[in-house]
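Novice: Respectively, the protein sequence lines represent chains G and C.
For what it's worth, our numbering labels the leading residue of the first sequence as 1, then goes sequentially.
For what it's worth, our numbering labels the leading residue of the second sequence as 1, then goes sequentially.
Honestly, I wouldn't trust all of these hints.
[What the hints assert, rightly or not] Not close to chain G: a few residues of chain C, all C-beta gaps over 10 Å, as computed:
hint : residue
1    : 127
2    : 130
3    : 298
[Stated by the list, open to error] One side only, chain C facing chain G, incomplete, derived with CB under 8 Å:
hint : residue
4    : 13
5    : 39
6    : 45
7    : 132
8    : 134
9    : 162
In case anyone wonders, no lab produced these hints; they're calculated from the structure.
Treat the numbers as computed from the prediction; the structure is a model and nothing was measured.
Where is the CB? At the ideal position from N, CA and C, for every residue including glycine.
Each chain, written out:
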Amino acid sequence: MITIENINKIYNEKTDNPFHALKNINLKIAKGESVILSGVSGSGKSTLLAIIASLDKPSSGKVIVDKELVSKLPDLHASAYRAKSIGFIFQHFNLLESLSVTENVIAPLIPSGLSMREIEDRANQSMQTAGISHKATQTIRELSGGEKQRCAIARALVTDPKLIICDEPTANLDRDNSLKFIEILTRLNELGKTIIVATHDPLFDSLPFDSRVVKMEDGVIVG
Amino acid sequence: MNEVLLSNEVIVYLLSEALLYLLLFLAFMITPMLIKRWNFDAFTSEQFTLEKRSYLVMTIIWFALILKILLLPYFVYTIDRLSDIVPGAMCAAGIIKANSYGNPLLTLKITIIFLGALWMTLNRLDLQAKEYPYTQQKLWFFISIFVLLSVEFGLDILYFTHIETTNPVTCCSVIFGQTAGMNDLPFGLDIHKLLILFYLLYALIVCMTFMEVAIGVFLSSTLFLYIAYYSVVYFYGTYIYELPTHKCPFCMLQSDYYFVGYFVWGLLSVGIFFSVNYAFGKSIFAKEFLLSKKLSLFLLTLFILLCSLYVAIYYLKNGVLL
């Protein structure tokens with residue numbers, strides 16, 4: 001599903017102080033596979049996620065997702081690709097604090113052209129999968145950290161993406177909530193979603209489902 | 001210093017033109033490198049850098065061209081205001097003829113606006129595709145436009161520095177009025193035949209657009225622009241001024257006539273642009289520019305109605321035609 005070939009990312013490329021964030025990365029991820037990108041801060045995990053998600057362009061190299069050359073997508077197409085194919089889960093949740101859980105979850109579907117009925121049905125379904133249905137009407141600022149993360153999961157699932165990208169999803173969660181998050185990931189894995197998680201949380205070293213750990217260090221895959 | 005160059009409008013106009021020219025010059029400086037090294041199939045660091053740089057250059061060009069479009073009516077407004085300080089001038093018509101640079105400058109500006117708008121269409125098509133298929137073409141197209149922009153900027157300077165406030169210029173009644181003679185109409189037409197041609201060409205544009213004959217739309221639109229100009233100046237304008245001897249394309253831009261000239265000429269030129277744009281997309285890129293199609297028909301119909309309305313209102317009010 002995902003082929004990454006010779007990806008390099010250099011920040012401040014034409015200055016006296018260039019930073020080589022990714023060095024000649026090659027990686028293949030099959031459909032339905034779960035990959036854990038592990039490594040300390042600054043090892044290049046988030047940069048790699050951003051390039052796979054077409055949030056950023058590499059300095060050189062190719063990223064192909066489902067036969068689509070995403071590393072070269074013009075902005076207009078990159079936005080459509082993200083909206084259609086990817087569900088994002090972030091460390092800081094990136095939710096709209098003053099809106100309710102349901103409103104946050106349906107937000108990605110508003111430009112989809114679906115009927116409100118269908119949007120609500122999909123939102124209910126993804127809130128149920130993420131285990132946040134009981135808080136549907138509450139605003140985000142009334143939720144705990146774990147509940148916010150479950151709301152973010154529901155929002156990521158509502159467009160039924162093939163690929164789920166999580167960037168340090170448990171960094172702001174306690175152990176119990178981190179375990180609950182892993183439980184939900186297990187369910188998503190069973191649903192056949194391709195999952196990529198960038199994390200340095202040791203809980204991800206032994207997951208209850210088949211997964212591959214890819215270790216990164218100084219912008220290089222080391223294992 | 002020449003009094004004209006101290007006019008607020010001229011200062012603002014020339015400064016804006018200079019800034020835009022500078023921006024476009026910067027874009028132009030990068031263009032040859034982009035053309036030479038562009039290779040979309042490469043995944044090298046250089047190609048990724050070129051793609052980012054190309055996006056920046058296109059954004060600069062797009063922004064500058066949009067402002068150039070807005071500057072055209074401001075240019076007309078500026079020269080209209082100069083009629084207050086140039087002896088003999090009643091409106092922009094006298095000022096544009098104040099020296100030999102005026103008419104070529106106005107013609108060049110209109111040409112650049114049309115070409116610039118077509119460039120923007122090409123740019124949009126390029127950005128909508130995934131592989132930037134028209135990048136090379138639009139860069140070459142920009143170079144051609146930039147040559148014209150350079151000539152235009154030179155003419156701008158020459159034109160405004162050569163308007164004398166001591167020598168009287170001719171007013172519009174001399175330029176377009178009866179003293180100029182009626183043989184000013186194109187193809188030796190009289191006013192009745194000109195009007196018949198005016199409405200027939202409009203009908204032809206509508207038919208060609210619905211029949212989706214691109215070349216027909218292009219030819220009829222271009223001819224309509226030419227005929228419409230004469231029809232407005234020599235017929236419809238007299239109803240706007242309510243004076244059979246007043247034939248001028250510029251006076252209607254003044255507050256005395258509620259600035260209606262901006263609507264008349266705006267509807268005509270924008271309508272024709274969308275019409276040509278539709279033909280351009282259909283014939284060259286085999287794309288259906290539905291919005292251009294609808295807008296061209298809407299704007300040209302509005303133009304026809306606006307022109308005809310002045311005649312109808314005059315007739316209803318006075319029971320006679322001019």
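Novice: The structure should be examined with respect to each hint, and the outcome stated for every one.
Specialist: Status of the hints after comparison with the structure:
The beta carbon of residue 127/C is not kept farther than 10 Å from every beta carbon of chain G, the shortest such distance being approximately 6 Å. Distance to chain G contradicts residue 130/C as a non-interface residue, since its nearest Cβ pair spans about 5 Å, not more than 10 Å. With a least CB separation of 25 Å from chain G, residue 298/C remains clear of the 10 Å interface cut-off, as annotated. Look at residue 13/C: its Cβ only gets to about 34 Å from chain G, farther than 8 Å, so that hint breaks.
The restraint placing residue 39/C at the interface with chain G is violated, with a minimum CB-CB distance near 12 Å, outside the 8 Å limit. The interface hint given for residue 45/C holds, since its Cβ lies 4 Å from the closest Cβ of chain G, which is under the 8 Å cut-off. For residue 132/C, the shortest C-beta to C-beta distance to chain G is roughly 7 Å, which falls under 8 Å, so the interface hint holds. Below 8 Å, beta-carbon pairs count as interface contacts, and residue 134/C has none with chain G, the closest being about 12 Å; its hint is therefore violated.
Proximity of residue 162/C to chain G is violated relative to the hint, the smallest CB-CB distance being about 45 Å (cut-off 8 Å).
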